[in-house]
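Chemist: Chains A and B are the protein sequences, given in the same order.
For the first sequence, the residue numbers in this note's numbering are 5 to 227.
For the second sequence, the residue numbers in this note's numbering are 5 to 227.
Treat the hints as calculated values from the structure; they're not laboratory data.
Do not rely on the hints blindly, as some may be mistaken.
The list makes no distinction among identical chains, and a pair is therefore deemed to hold if it is satisfied within one copy or across any two copies.
Distance condition first, Cα-Cα at most 30 Å in a straight line; then the derived BS3-like pairs of lysine-lysine [to be verified]:
#1 K76 to K49
#2 K217 to K49
#3 K198 to K104
#4 K198 to K76
#5 K145 to K76
#6 K104 to K49
#7 K145 to K49
There are 2 protein chains.
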Amino acid sequence: MRIMIADCSAVYQGRLSVQLPRATRVLMFKADGSVLIHSDGGSYKPLNWMSPPCSVSESTVAGVTELEVVNKAGETLSIMIHEVHADYDHALGVDPGVIKDGVESHLQKLLAENLDTLGYGLTLVRREYPTAIGPVDLLCKAAGGGTVAVEVKRRGEIDGVEQLTRYLELLNRDPLLSPVTGVYAAQEIKPQAKTLANDRGITCVTVDYEALKGLDDPSMRLF
Amino acid sequence: MRIMIADCSAVYQGRLSVQLPRATRVLMFKADGSVLIHSDGGSYKPLNWMSPPCSVSESTVAGVTELEVVNKAGETLSIMIHEVHADYDHALGVDPGVIKDGVESHLQKLLAENLDTLGYGLTLVRREYPTAIGPVDLLCKAAGGGTVAVEVKRRGEIDGVEQLTRYLELLNRDPLLSPVTGVYAAQEIKPQAKTLANDRGITCVTVDYEALKGLDDPSMRLF
DNA sequence: CCGTAAATGTCGTCG
DNA sequence: CGACGACGTTTACGG
């Protein structure tokens, strides 16, 4: 990876136009061709960038170096380098990547294995039950005979309620499944989402990921 | 900004858990306290990071330096530095920031000035018409007497249809506005969004930003 | 500080 | 390759 500290200005022309006035910034050129322009603040998002795959061409006019980065969609990032304060290059090698734990799919899996958390007498039909408008996270049979569709989210906001509502509308047209009721399960459910869900007869369940994990993993049990 | 090239491993513990196995990476420490861990690929998103505001503490055990980055929510990013290949520091100063053109608000403005694009005989009531559940992008009077609510998006996906549906539901309760119909305007509308919109009697309009811009700006006109 | 909506969103998965 | 949903989404903007 090449890292430059440089006095530069830049223009991105693509899905929109973004201009960067002249200032000192950090330029990162990654092995895959991608380019990031960082300032000394903000967050992890660069001021301007080009995602791979893309190609870089260089030209110099009157002591000013211009880098033209282009991707396949024809988007361009043009960087004018007025002065270079530092220029480093290091070989990093291929990264082994990240290992994640605790995302929605894990929560979904744990809930599927512990349906009691969601209500009594539920039997799993399947996870990711396919429908024309997308997969339902968990489809279950209720003890009473009807069906229960479960939408799982890490953070329960209003979008999830809308999503589940669409599924319920569709599933209830199927006489083999009807009546279908909904359960909205999340580690945290926002008040507005809860209100909308209740309004539509959807049950909200707040789940504790750590507790579920403990239930699931015998080595974590206290007794 | 401090930039290190180092052989490191890292663990984030917060909203979820992310582990980074040992490898050579780029560490960026920004002036506002934020930390980024970049590999030599991917895109602008770091493998791991901590957003500001946060604080860093350092300790060394058996030649291994551990950096512990903590934010207010109690999320932690712990970086074990096994070997430092390079360590640079540069003062960048405050960045003047970016100038953008072509985002949704511009599209909204252009559409407000060219309502014919959306349908015949529309008169603008106002942009960002306020309601209890958020602002409607464009509220218009129809020639026939009713009201038209317009939702503007750069890319029309299903969320926007839900958003507009909520507005329509609310606006139609107002006898001064009713009947209110919906128009979904975007540079590109996804099939599922179009299907759902049609299902709900919402008109979809695909708009050409460049053409609108040409209409709007006399200097761009051909005649 | 909460809530909503936009984003050059990016990233994975599945068809 | 496109569509779709999750994301440590992040970020900006109002009340």
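Chemist: Each of the hints needs a verdict: does it hold here or not?
Modeler: Here's how the hints hold up against the structure:
no.: 1; hint: K76 to K49; verdict: both (22 Å within a copy, 20 Å between copies)
no.: 2; hint: K217 to K49; verdict: between (33 Å within a copy, 29 Å between copies)
no.: 3; hint: K198 to K104; verdict: within (29 Å within a copy, 35 Å between copies)
no.: 4; hint: K198 to K76; verdict: between (42 Å within a copy, 27 Å between copies)
no.: 5; hint: K145 to K76; verdict: neither (48 Å within a copy, 43 Å between copies)
no.: 6; hint: K104 to K49; verdict: both (21 Å within a copy, 15 Å between copies)
no.: 7; hint: K145 to K49; verdict: neither (44 Å within a copy, 41 Å between copies)
Comparing the model with each numbered hint stated earlier shows that hints 5 and 7 do not hold.
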